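Trainee: The primary structure of each chain is shown beneath.
Number of protein chains: 2
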Amino acid sequence: MSADHPFDAAIKLSAVGEGVFDGATHAGYANMVGPFGGITASTLLHAAWLHPQRLGEPLALTVNFAGPVVEGPFRVTARALRTNRSTQHWHIELEQGGELAASASAVFGQRRDTWSATEIAPPLHGPGEQVPVKGLSPRVVWPQRYEMQFVKGGWPDFANPQDAPADSDSELWIRDSPPRPLDALALAAICDAFYPRIFRRRQRFTPAGTVTLSTYFHADAALLAAQGTRAVLGRARAQHFGGGYFDQTAEIWGDGGRLLAVSHQLVYFKD
Amino acid sequence: MSADHPFDAAIKLSAVGEGVFDGATHAGYANMVGPFGGITASTLLHAAWLHPQRLGEPLALTVNFAGPVVEGPFRVTARALRTNRSTQHWHIELEQGGELAASASAVFGQRRDTWSATEIAPPLHGPGEQVPVKGLSPRVVWPQRYEMQFVKGGWPDFANPQDAPADSDSELWIRDSPPRPLDALALAAICDAFYPRIFRRRQRFTPAGTVTLSTYFHADAALLAAQGTRAVLGRARAQHFGGGYFDQTAEIWGDGGRLLAVSHQLVYFKD
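Heads up: the sequence lines are chains C and Z, in that order. Under the numbering used here, think of the first position of the first sequence as 1, with each following residue one higher. Under the numbering used here, think of the first position of the second sequence as 1, with each following residue one higher.
So here's chain C without its partners, still in its complex pose (with noise of 0.2 Å):
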């Protein structure tokens, strides 16, 4: 952790009270409504990670964005709801005005040296190039707290779409800009930092939140701590989509093709 980084500034919660912390908003991690949500799941994280009741390493986080998040003050609260010998379940919301704007749970433990295996195959991992931003809200910042260096399924150019591809794949390079050494919280924002995946399959801007987020995490401190401050391997794709929503699932992969953390989400868009 550094103080001096704009992601260490943005999730930088300050305790009031057992399991009850400060925070705000950071400019660097605005998006179009209120800021980017893997900001604001890091946060949630956070809270249970400062806690001093906290045991083990994170395992899972499921973040639910409830309402828009407003530039300016809030609090977290984090609670643990049970520890048992192996696992811990924390309960964290997030409130703006006695309103409640997110909710998450997140579940700790320890990890143990057992028998592994990766039944998933890494992705393509040729070299990237960087796509530039193009065609967005002048308000959404976060895409430059982060180097992108896209393998495939860069950023849509909304006023020069290409032709609508098959399918929504996208494989990057990411890390954050400036770069700072992996962790779990990190991470756990990273795993968010696809763009929708409605964006790359309709090849035009599509007004689009998410719902609901689930991260598991693969690494421990250790292999984290290992990466550094190199780029990981990311890929993200839509499984289906209709009704208003659709779900995305994201993989992140480490040195060597570990695979450091698997993520899901359910998406609202409007067409």
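Worth flagging that the hints you see were computed from the coordinates, not collected in a lab.
With beta-carbon atoms standing in for the labels, derived distance ranges:
{"id": "1", "chain 1": "Z", "residue 1": "Ala24", "chain 2": "C", "residue 2": "Val140", "range": "49 to 59 Å"}
{"id": "2", "chain 1": "Z", "residue 1": "Ala121", "chain 2": "C", "residue 2": "Gln130", "range": "25 to 35 Å"}
{"id": "3", "chain 1": "C", "residue 1": "Ser137", "chain 2": "Z", "residue 2": "Pro178", "range": "47 to 57 Å"}
{"id": "4", "chain 1": "Z", "residue 1": "Leu124", "chain 2": "C", "residue 2": "Val140", "range": "35 to 45 Å"}
{"id": "5", "chain 1": "C", "residue 1": "Ser177", "chain 2": "Z", "residue 2": "Ala121", "range": "30 to 40 Å"}
{"id": "6", "chain 1": "Z", "residue 1": "Gly17", "chain 2": "C", "residue 2": "Trp115", "range": "44 to 54 Å"}
{"id": "7", "chain 1": "C", "residue 1": "Phe158", "chain 2": "Z", "residue 2": "Gly56", "range": "24 to 34 Å"}
{"id": "8", "chain 1": "C", "residue 1": "Glu129", "chain 2": "Z", "residue 2": "Pro165", "range": "32 to 42 Å"}
{"id": "9", "chain 1": "Z", "residue 1": "Arg85", "chain 2": "C", "residue 2": "Glu18", "range": "29 to 39 Å"}
{"id": "10", "chain 1": "C", "residue 1": "Pro138", "chain 2": "Z", "residue 2": "Pro122", "range": "35 to 45 Å"}
With the C-beta cut set under 8 Å, the calculated list includes, among others, these residues of chain C facing chain Z:
{"id": "11", "residue": "Asn64"}
{"id": "12", "residue": "Leu81"}
{"id": "13", "residue": "His89"}
{"id": "14", "residue": "Glu119"}
{"id": "15", "residue": "Asp220"}
Since the model is a prediction, treat every value here as computed from it, not as a measurement. In this text, a Cβ means the ideal position worked out from N, Cα and C, and glycines have one as well.
Position chain Z relative to chain C; hints supplied.
Mentor: Leaving out everything else, chain Z in the frame of chain C:
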């Protein structure tokens, strides 16, 4: 809903206050320790479903299994955290003896008629065969509550294991036994009806339990009702095993290759 069906008996809740319900475990859905996780997931969803403030249909459900559910009565409380134009966010808790055993978040909402597309392909959908459940503890009753016809990856015979396969894929036709018209409550349980993928991958019994389970519902009530009592086609596979945990992901397909739901879970295992 049929009051006589074991599924409906198992998820039955009696309102004892605003958003407070009493229920009890059902011997027909017993698992190794406590009830089948899918029936607990449906019971938690049912509490929000029954709440007089509930609007719309289930879009997403995340259940966190915080501790063992023991045989006997339990209390479920459901609270609407926030209701917006398009979605309603719920927090649900299941307690026994004053201690939390499971918590959940659910998102309900209205679907709208929009552009739609499915990017993942349905499984092989060949004919299935019934594979007997062998070598599991006689305490594991819940598989008898489903008709399962496996296309691929049936129950391992722990006494006579096959060579361990290179993946953990299973594909099967599944419906309630006796047959029951499909709805989101039954679908929520079916999403968890795939035996732990580590059983298939390693062809041996391994103590394992779901830590957290997230399901996204892609079908509305009309589409589920049209499926009636006909079996759905399910597919499940693991992505990564390691550190004492693995994740598995599932798809449920209806008639005509319609994707009804996708589901993801993180599972604890001991080796």
